[in-house]
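**Q** Protein sequences, first through last, are from chains A and B.
Reminder that position 30 of the first sequence reads as 30 in the numbering used here, one-by-one numbering, no gaps.
Reminder that position 51 of the second sequence reads as 51 in the numbering used here, one-by-one numbering, no gaps.
Treat the hints with care, since some could be wrong.
As the list claims (entries may be wrong) - Calculated pairs, DSS-like style, for lysine-lysine (alpha carbon to alpha carbon, straight line, at most 30 Å): (1) B:87 <-> A:125; (2) B:87 <-> A:92; (3) A:92 <-> B:98; (4) B:98 <-> B:87; (5) B:98 <-> A:97.
By construction, these hints were calculated from the structure, which means they are not laboratory data.
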Amino acid sequence: MMLAADVLVAQNIGFGVIAVIMVVGALRVVTTSNIVHAALWLVTVLAGAAAQYVLLAAEFVAVTQVLVYIGAVMVLFLFGTMLTRARIGAEKDVNNKNWFMGVPIAVLLLATMLLALNDGFGDEKLPADPDTLVNTQMISDQIFGPYLLPFWALSFVLLAAVIGAIVLARRD
Amino acid sequence: MLVNQFLMLGAVLFCIGVYGVIARRNAVLVLMSIELILNSVNINLLAFALRNGSADGHTFALYVIAVAAAEVGVGLAMVLLVYRNRKSIALDDLAEMKG
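Chain A extracted, bound-state conformation (with noise of 0.2 Å):
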């Protein structure tokens, strides 16, 4: 087991805050009834994934997240949302009729990931040795070396998308 000095450095501390804050916004995210609210929600939670990206040395990654998620994502989500509900609050029936049958399952997935993950991967710690970091660099090299086929095939995903909302959303 890890001892009490082990647990309590400053970035499992940095981890244990934002995971709560991450916790608590996704929560609010399935549960409010007020669709601008539970896209701010989501705001938080995307906000604190970036700031466990740079936890887990992925700044490159971390920067992208707030310029996609947080900049562009967030902005088609209220747009979709003022496109599709004329009043801004709280809604009735956002949840199914049988909305209840989604804890048990959720529950059900958690004890089983939990169990698998605490059985696989137990007291096991990250590597902090700074030599082994991944940089920009070596990110680069690997979308532009090994990887540059699916990155085509992303473009074409991008433009595919680009002109299918174009298509979708236009008023004929």
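Given chain A, put chain B in place with the hints provided.
**A** Just chain B now, with coordinates in the frame of chain A:
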């Protein structure tokens, strides 16, 4: 830091997202729950990238972010189309293909 604390955070977020997908009736809220699920996957990918000291996880996390952005764009365009045709985005009203 343990590997497990990140993986468990990912698992918790994933399950909350799954609950949201099951429980929600509003299409925009279902898309938000899907974003939660995709983010939990990214946390796992980056935790394993740090554990193995490899940049593959970072690459895949970036690809997941790009695919998620495309998915939200197309998803919201479809939601908009459904709303324009029926003045409602309740998912259980869309039952034409039910046998």
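**Q** For every hint, state whether the structure bears it out.
**A** Hint-by-hint comparison with the structure:
Between the alpha carbons of residue 87 of chain B and residue 125 of chain A the distance comes to roughly 52 Å, so the proposed pair goes past 30 Å and is violated. Taking the CA atoms of residue 87 of chain B and residue 92 of chain A, the gap is near 15 Å; set against the 30 Å cutoff, the hint holds. About 25 Å separates the Cα atoms of residue 92 of chain A and residue 98 of chain B, which keeps this hinted pair within 30 Å; it holds. Simply put, residue 98 of chain B and residue 87 of chain B have alpha-carbon atoms about 20 Å apart, close enough for the 30 Å limit, and the pair holds.
Straight-line distance between C-alpha atoms of residue 98 of chain B and residue 97 of chain A comes to about 18 Å, which keeps the hinted pair within the 30 Å bound.
Of the numbered hints given earlier, the model fails hint 1 alone.
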